[in-house]
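Modelling step: build the complete structure from the supplied sequences, incorporating the hints.
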Amino acid sequence: DTGVSQNPRHKITKRGQNVTFRCDPISEHNRLYWYRQTLGQGPEFLTYFQNEAQLEKSRLLSDRFSAERPKGSFSTLEIQRTEQGDSAMYLCASSSWREPQHFGDGTRLSIL
Amino acid sequence: AQSVTQPDIHITVSEGASLELRCNYSYGATPYLFWYVQSPGQGLQLLLKYFSGDTLVQGIKGFEAEFKRSQSSFNLRKPSVHWSDAAEYFCAVAPFGGNKLVFGAGTILRVKS
Chain A
1 DTGVSQNPRH KITKRGQNVT FRCDPISEHN RLYWYRQTLG QGPEFLTYFQ
51 NEAQLEKSRL LSDRFSAERP KGSFSTLEIQ RTEQGDSAMY LCASSSWREP
101 QHFGDGTRLS IL
Chain B
1 AQSVTQPDIH ITVSEGASLE LRCNYSYGAT PYLFWYVQSP GQGLQLLLKY
51 FSGDTLVQGI KGFEAEFKRS QSSFNLRKPS VHWSDAAEYF CAVAPFGGNK
101 LVFGAGTILR VKS
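Top line first, the protein sequences correspond to chains A and B.
If you're matching positions, the first sequence starts at 1 in our numbering and goes up one per residue.
If you're matching positions, the second sequence starts at 1 in our numbering and goes up one per residue.
A portion of the hints provided could be inaccurate.
[Said to hold, decoys possible] Here are some, though not all, of the chain B residues that point toward chain A, as calculated from beta-carbon distances under 8 Å:
hint, residue
1, G43
2, L46
3, G104
Hints were generated in silico from the structure; no laboratory data involved.
Ideal Cβ placement from N, Cα and C applies to all residues, glycine included.
See the structure below:
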């Protein structure tokens, strides 16, 4: 069990640029989740995959956000035309059915 | 809608003292319940979980939590706090089946020597 891996750990970009984050889940987990955490708040759910199917999306996930999990293994989260309000920690988690979610260390996004 | 309330934003305890962090949830049925801990700049580590059965659950690092259905509470306790326990603690709930977690706003624990 190597844990959930997220890359990069930090991303600094200018407003209006596109960014992409990667998450590698625990290998035997078929469920993968993305959350966003802003300063002083708990994580907020963004989206959920079971294998390669994206089964649930939060209203927080605007049209500028897209997530994929093409082969049911790793996942990417892309933000297009970044805005100041996108600055946050983006957390990925994975699990199996009826098992708790295990989190990665997150990607911290800073928008200049 | 589901919600989770952690009424204490900050708590300071002396090393060796006991600790209780409060968590209340709002949900029609008994959800799955969790406590996670987060150190600065890090992800979340699972401390313990409640799915069903015994309402007193044991977790890692000497933590325990008690589910009280009548109070819709799931409070976290530790009999003797260590300086390394200083971190932020999050209570979370998931509906039966657990497709997503709803988190409280967190409680920051400071430990004074």
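Go through the hint on B:L46 and say holds or violated, using the shortest Cβ distance to chain A against 8 Å. 5 Å, holds
Going by Cβ atoms only, is B:G104 closer than 8 Å to chain A? 5 Å, holds
Holds or violated: is the Cβ of B:G43 closer than 8 Å to a Cβ in chain A? With Cβ-Cβ at 4 Å, under 8 Å, it holds.
Violation of the numbered hints given earlier is absent; every hint is satisfied by the structure.
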